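Engineer: Given next are the chains, with one letter for each unit.
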Amino acid sequence: MASVTDALANAGCNIEQSSMSVLGTSFAMILVVNVPKNTERQFRTELVGITTIQDLTIHVDPFPSGDLYKTVEGDSYSLNLHGSDHPGIISAVTRVLSANNINIRDLATRVISGERSIFLMTIDLIVPAEVDVLKVTESLRNIGNDIECEIIFSGDDSITC
Amino acid sequence: MAVRSILVYPHPTLVKTDNTDVLIGDPSLDQIIEDMSDTLDASQGVALAAPQIGYSINMIIVDVNRDKNIKNRDGQGRVILLNPEIIKESEPHRVREGCLSVPEFTGNVIRYREVTVEGYQPDGTYLSIESQGFESIAFQHEVDHLRGTIFLDRVRSRRKDLFRRK
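Heads up: the protein sequence lines correspond to chains A and B, in order.
Quick note on numbering: my numbering labels position 36 of the first sequence as 745, and the sequence is numbered without any gaps.
Quick note on numbering: my numbering labels position 74 of the second sequence as 75, and the sequence is numbered without any gaps.
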């Protein structure tokens, strides 16, 4: 992490968004970086420099700056799931979300290993106003029964002070 | 009527930790109380602390009966407290809260289900309130403001417990 951020700083780049995580035994990092036009060559040179001395894979895509802060309109919801770990859980749940035009803003999963491994999933969602929330709740309950997982789908019941 | 602008984080007044106690009976408080009350009424919130409208003094106003959700209207009406202190708290639990001074986000924080708050009413009467539920959260949130603490300071994981409002 230090090598990458040092290289970016050397090239005059500004990190606008980042997400970093250890997945298994690998470290993964996604960055949205503002690269000044006159330092683009140095930016690429710095990154190539890192990959030659460290076992890193780096992928760079240009990203139109205007798209970065486009947001999807809707209400914030969260979905929490837990159950016995088995293939197909994420697929089953995201199929319901997709069919109802619900946007996933953040999704994280983990498995707690043991005699009977437990699967945990948390999803932050944006639910457009036209979505029938009762129907989605019912669909998730049904899919939860099918995949033998407890699913809690709840809106932003926050207090504003 | 004077509706004041609500300061938005990171305004320096919101993070001041040395807000001063008010002098009970000070006639200049009347205008500030009116400002706070009017500003709360014009907002989407259920409570306000004096620093949120630029007064670095220890005064809060709480009125959860303003909440859009009927089930949250569990309080005792509008309470204005001068120099409030939380003297007892029990049963921590996780709640989602937002702040008029951090308008774009809500976050999961740990608050107590029940608190006892003490302070003075504008007429100088000493008040001790045993509060629970939604109102208890509002009291904790506002007293935090008087200490320069905002809910972002209490969010454990910026990634998992912080949410952008629609």
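Just so you know, these hints were derived from the structure itself, not from any lab.
It should be emphasised that the depicted structure is a prediction, and the values quoted were computed from it without experimental measurement.
Glycine is no exception: its CB is placed at the ideal position from the N, C-alpha and C atoms.
Treat the hints with caution; some may be incorrect.
Unchecked claim - Some chain B residues close to chain A (C-beta under 8 Å, calculated; not the full set): (1) 43; (2) 46; (3) 99; (4) 100; (5) 138; (6) 143; (7) 155; (8) 158; (9) 159.
As the list claims (entries may be wrong) - Facing chain A, according to a computed beta carbon distance under 7 Å, are these residues of chain B, among others: (10) 106; (11) 133; (12) 142; (13) 164.
Engineer: Evaluate each hint against the coordinates.
Structural biologist: A quick look at each hint next to the structure:
At about 14 Å, the closest approach between the beta carbon of residue 43/B and any beta carbon in chain A exceeds 8 Å, and the interface hint on this residue is violated. The interface hint given for residue 46/B holds, since its Cβ lies 5 Å from the closest Cβ of chain A, which is under the 8 Å cut-off. Taking 8 Å as the C-beta cut-off, the interface hint given for residue 99/B holds, the closest approach to chain A being about 4 Å. Because the closest C-beta pair between residue 100/B and chain A is about 6 Å apart, less than 8 Å, the hint holds.
The interface hint given for residue 138/B is met, as the beta carbon of that residue sits about 5 Å from the closest beta carbon of chain A, less than 8 Å. Of the supplied interface hints, the one on residue 143/B holds, with its beta-carbon coming within about 6 Å of a beta-carbon of chain A, less than 8 Å. Using the Cβ-Cβ criterion of 8 Å, the hint placing residue 155/B at the interface with chain A is not satisfied: the shortest such distance is roughly 13 Å. Hint on residue 158/B is violated. Least Cβ distance to chain A is approximately 10 Å, over the 8 Å limit.
At about 11 Å, the closest approach between the beta carbon of residue 159/B and any beta carbon in chain A exceeds 8 Å, and the interface hint on this residue is violated. This hint is violated: residue 106/B has a C-beta 10 Å from the nearest C-beta of chain A, more than the 7 Å allowed. The closest approach between the C-beta of residue 133/B and any C-beta of chain A is roughly 13 Å, which is over the 7 Å cut-off, so the hint fails. The restraint placing residue 142/B at the interface with chain A holds, with a minimum CB-CB distance near 4 Å, inside the 7 Å limit.
The closest approach between the C-beta of residue 164/B and any C-beta of chain A is roughly 5 Å, which is under the 7 Å cut-off, so the hint is satisfied.
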